[in-house]
Amino acid sequence: MEHHVIIEKLCSCAKKEGLSQIDTFTEKPAALNAAEEQLAYMQSSFCGKHNFDITEVEDHFVIGMTGGGCGCGTHEKH
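Going by my numbering, the residue at position 71 of the sequence shown is 71; the numbering climbs one at a time, nothing skipped.
Hints listed in this document are in silico derivations from the structure and should not be mistaken for laboratory results. Treat the hints with care, as some may be off.
[Unchecked claim] Straight-line distance between alpha carbons at most 25 Å, and here's what the computed DSS-like set of lysine-lysine pairs gives: (1) Lys9 with Lys49; (2) Lys49 with Lys16; (3) Lys28 with Lys9; (4) Lys15 with Lys49.
[Claimed, not checked] Now the in silico label distances, taken between C-beta atoms and shown as ranges: (5) Glu27 with Cys47: 16 to 22 Å; (6) Glu37 with Val57: 15 to 21 Å; (7) Lys16 with Glu58: 16 to 22 Å; (8) Met1 with Thr66: 17 to 23 Å; (9) Ser44 with Met1: 28 to 34 Å; (10) Lys49 with Thr26: 32 to 38 Å; (11) Asn51 with Met1: 19 to 25 Å.
None of these values were measured; they are calculated from a predicted model. Glycine residues also receive a C-beta, built at the ideal position from the N, C-alpha and C atoms.
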């Protein structure tokens, strides 16, 4: 079974970094580890206008934005 790490919406920082919106793994623990590493990188390296969290959805890990809209124009208000 495949497990995916999905960045729900690519903000301008994610686009500048060239992050892939979906990464695929064959093992769930590897996907979770990758999602946690990606989240830590995004929290520490991006501009700080967004906060992020991980939600497990049907054996996949979705990294989503939390909090208010930032006005960056790359996504609808969240």
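Each hint, compared with the structure:
Distance check on the hinted pair: Lys9 and Lys49 sit about 14 Å apart at the alpha-carbon level, within 25 Å; holds. Restraint check for Lys49 and Lys16: satisfied, since their Cα atoms lie roughly 15 Å apart, inside the 25 Å limit. The straight-line distance between the Cα atoms of Lys28 and Lys9 is roughly 22 Å, inside the 25 Å bound, and the hint therefore holds. With a C-alpha separation of about 15 Å, the suggested pairing of Lys15 with Lys49 holds against the 25 Å cut-off.
A C-beta distance of roughly 32 Å is found between Glu27 and Cys47, which places it outside the suggested range of 16 to 22 Å. Between Glu37 and Val57 the beta carbons are some 19 Å apart, a value that agrees with the proposed interval 15 to 21 Å. Roughly 30 Å separates the CB atoms of Lys16 and Glu58, a value that falls outside the hinted 16 to 22 Å. Take Met1 and Thr66: their Cβ atoms lie about 28 Å apart, and the range 17 to 23 Å is violated.
Between Ser44 and Met1 the C-beta distance comes to about 31 Å, which sits within the given range of 28 to 34 Å. Look at Lys49 against Thr26: about 34 Å separates their beta carbons, and that is inside 32 to 38 Å. The given range of 19 to 25 Å is broken by Asn51 and Met1, whose C-beta atoms sit roughly 30 Å from each other.
Hint compliance for this structure: hints 5, 7, 8 and 11 are not met, and every other hint is.
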